[in-house]
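Single-letter residue listing:
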Amino acid sequence: MLSMMAAQGLGIGVLQASTEALSSLQKEGAVFTDSMSIPSPGEVFAALNRSNRPNWATLVATATAPTTTDRQQMALAVGVLAANGYIAVEAQDGQQVKNIGKEINSLAKSLGVSQSLLGRGNSLMEFADHNEWDSLADELEATENEIKNTMVDQKDHDLVILTSVAAWLRGIEVASGVVLADEGLKGASALRQSELASHLAAQIHSLPGHTSEQPLVVAVGKTMDSIASLLNEQNIPAEKERINLQKILEDTGVLVGMILSSSDPTKAPGAANTTPSVTHSGKTP
Amino acid sequence: MRISPFVLLILGCFSSGLLTATAASPPKPSTNQYSNVVSALKTLRETEQAPSIEARRIALETANAFTNEGFRVRDGEWSPWISKNAPAFLQVTLFAGNRYWFVAATSVPGTKLRVSVYSAAGKPIKGEQWQDPQGKDCSRAAAGVAPEQSGEYIVGVEMLDAPGTSPVGSCLVYAYQ
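The listed protein sequences correspond, in order, to chains B and U. Oh and the first sequence: position 51 is 63 in the numbering used here, straight run, nothing missing. Oh and the second sequence: position 128 is 166 in the numbering used here, straight run, nothing missing.
In isolation and in its complexed conformation, chain B is listed as follows (with noise of 0.2 Å):
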C-alpha cells in the first residue's frame, strides 16, 4: 500500500533500506524536538479512530480561556485549547473550532505573542464555514506551532514547554477515556508512550526555578511523574491496566480543569496537594 502510493506520488526509486542496528552512541545521540517528537493530538485521535470510532461529539469541551495574569497557565491553557480544537475538528463542530480560535488568540495577545497570528484567525473562520476540516487541523497545529516560535523568539522557552506539555496531557486524558469506554480497552496501545512521559516530566523538572516553583507547575510535574510512572508498567494483567488508566483519567482531568480555571487554580477542588482525584465534569465520557 505505501509503496503504491509512493509510485503514484512520487514516482518510485526503490533503495535498499538500511540493515545495521544503531550504536548506543547513536542511540543516545538521537535528538528530541519540541515540534518532531512530540506527537500531535491529531496523530493519536488518528489511531484512536481507527481502533476506537469514538464519538468525538460527545467529547467536545466549551472554549473557555482562564481569566489570569499568569503566563504560565495563559501557556499552559494555549496548549489544552488547541488540543480541544483537534477534538472539535474530529467532531467537525465548525463553531466550536471557531469559539477555541478566539480564545486561543485572545491568550496569544495577553501573552504578547500575537503578533504571527493575524492572518490565521480569518484563516480559521474561512476553513469552518466551508467544513474544510483537515485545513482546520493544519491551522490549529500551525496556529500552535506560530505562538511557540514567537515564544521562543522572545526568549520565553519555559513557555513552549508548558504549552506543549499541556496539549499532551489532553490528549492523554481523552485517550484514557476514549480506552476505558471500552470493555476490552481496545485502543490502549495509543497510550503506550512512557518514554515521552518520562522526558516531558523531566523537562518540567528543569524548568528554572521562578517557573517549576509556580504551583500549577509543580502540580504539572507531579501528574507528569506519575503518568510515567503508570504507562511505564507493561505486560500486566487488564483490571491492573484499567485501574492505572482510570488514575491517568482522573490525574488528567483534574489538573486539566486547574489549568483552565480563572480561579486560583491551586484552590481548585480535586487540587489538595496537588494530587487530583476527581474528573472535571463534561469532558469525557
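By construction, these hints were calculated from the structure, which means they are not laboratory data. Being a predicted model, the structure only gives us computed values, none of them experimental. Just so you know, even glycine gets a beta-carbon here, dropped at the ideal spot from N, CA and C. Possibly wrong hints are sitting among the right ones.
[As the list claims (entries may be wrong)] Cβ-Cβ distance ranges computed for the label pairs, FRET-style:
| no. | chain 1 | residue 1 | chain 2 | residue 2 | range |
| --- | --- | --- | --- | --- | --- |
| 1 | B | THR45 | U | ASP199 | 21 to 29 Å |
| 2 | B | SER241 | U | PRO147 | 44 to 52 Å |
| 3 | U | ALA159 | B | HIS169 | 24 to 32 Å |
| 4 | B | GLY221 | U | GLY148 | 45 to 53 Å |
| 5 | U | ALA124 | B | GLU144 | 37 to 45 Å |
| 6 | B | GLN258 | U | GLU99 | 56 to 64 Å |
| 7 | U | ASN106 | B | ASP165 | 30 to 38 Å |
| 8 | B | SER218 | U | GLN187 | 23 to 31 Å |
| 9 | U | ALA124 | B | ASN161 | 26 to 34 Å |
| 10 | U | SER204 | B | THR70 | 49 to 57 Å |
| 11 | U | PRO147 | B | GLU251 | 35 to 43 Å |
| 12 | B | GLU144 | U | GLN187 | 29 to 37 Å |
| 13 | U | PRO201 | B | ILE248 | 50 to 58 Å |
[Claimed, not checked] From the derived model, a few chain B residues whose C-beta atoms are all more than 12 Å from chain U:
| no. | residue |
| --- | --- |
| 14 | ASN67 |
| 15 | GLN166 |
| 16 | GLU253 |
Dock chain U against chain B, hints included.
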C-alpha cells in the same frame, strides 16, 4: 563556499552577542569595525542557512504528494547538518495503526540520502524506501512505515554519497495517516 556547522555556530553566537570578550581578550575593535564584521558574518551565515530553508521547501513539497492519499503533513521540521559517515538521528513517537512517511531533502543535487526508521532498541524497522538523488537542484529520500507497536522510535537521515565533503544542510518532515 561552505563552512562547518561548528564554525557557523561560533559565528552565530558571536554575531548575536552570546560570545562576549573576556578579561584576557585582545583589544576590542572600534564600533564601526565591529558592526562591519558582524554584518559580514550575518550575511555569510544567512547565505549558509539558505540551503536549509530550500531543503525545507523541497521536503514539504515532496511530503505534500501524500496528502492526496489522506496523509496529513505535520507542521514542524528538523534541519540537521549531515555529511558522509555522520548521519543524524531524531526521536519520534509513532502509533500502531497509523502510517507514516518521513521525507528528507537537501538543496544539493547529487547527494544520495537515505531515511531509516529504527525501534527504540536501535533495530531497523521494515518499510518502504524511496529516493530521488538526481532531482533538479535537489536530492530527496523518504521512508514509509506502518508500526505494529506504539512507542518511541528513532529516525535516521544519512548521506550515502555526495559531490563534496562538506556538511550539507538537510530537512526532515513527516506525514501521517
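Practice prompt. Classify the label on B/GLN166 as holds or violated, using whether its beta-carbon is more than 12 Å from each beta-carbon of chain U.
Written response: B/GLN166 is indeed farther than 12 Å from all Cβ atoms of chain U, at 15 Å.
Worksheet entry | Pairwise beta carbon distance, B/THR45 to U/ASP199, judged against the given window 21 to 29 Å | Holds: the Cβ-Cβ distance is about 27 Å, inside 21 to 29 Å.
Discussion item. Can you tell me whether the CB distance of B/GLN258 to U/GLU99 sits inside 56 to 64 Å?
Written reply: violated, 45 Å
Practice prompt. Evaluate the given range 45 to 53 Å for the C-beta pair formed by B/GLY221 and U/GLY148.
Written response: The hinted range 45 to 53 Å holds for B/GLY221 and U/GLY148, with Cβ atoms some 51 Å apart.
Worksheet item: Does B/ASN67 really sit off the interface, with its C-beta more than 12 Å from all C-beta atoms of chain U?
Response: holds, 19 Å
Worksheet item: Is 23 to 31 Å a correct range for the gap between the Cβ atoms of B/SER218 and U/GLN187?
Response: holds, 29 Å
Fill in: Non-interface label on B/GLU253, tested against every C-beta of chain U at 12 Å
Nearest chain U Cβ is 14 Å from B/GLU253, so the label holds.
Discussion item. The hint says 49 to 57 Å between U/SER204 and B/THR70; measuring C-beta to C-beta, is that right?
Written reply: At 56 Å between Cβs, range holds.
Item to complete: Check the following: the C-beta atoms of U/ALA124 and B/ASN161 are separated by a distance inside 26 to 34 Å.
Response: For U/ALA124 and B/ASN161 the Cβ distance comes to about 28 Å; the hint holds.
Discussion item. Looking only at beta-carbon atoms, does the pair U/ALA159, B/HIS169 fall within the given range of 24 to 32 Å?
Written reply: holds, 31 Å
Discussion item. Given the hint of 37 to 45 Å, is the C-beta distance from U/ALA124 to B/GLU144 inside that range or not?
Written reply: holds, 42 Å
Worksheet item: Is it true that B/GLU144 and U/GLN187 lie within 29 to 37 Å of each other by Cβ?
Response: Hint holds: Cβ distance 33 Å, inside 29 to 37 Å.
Consistency with the previously given hints fails for numbers 6 and 11, ordered from lowest to highest.
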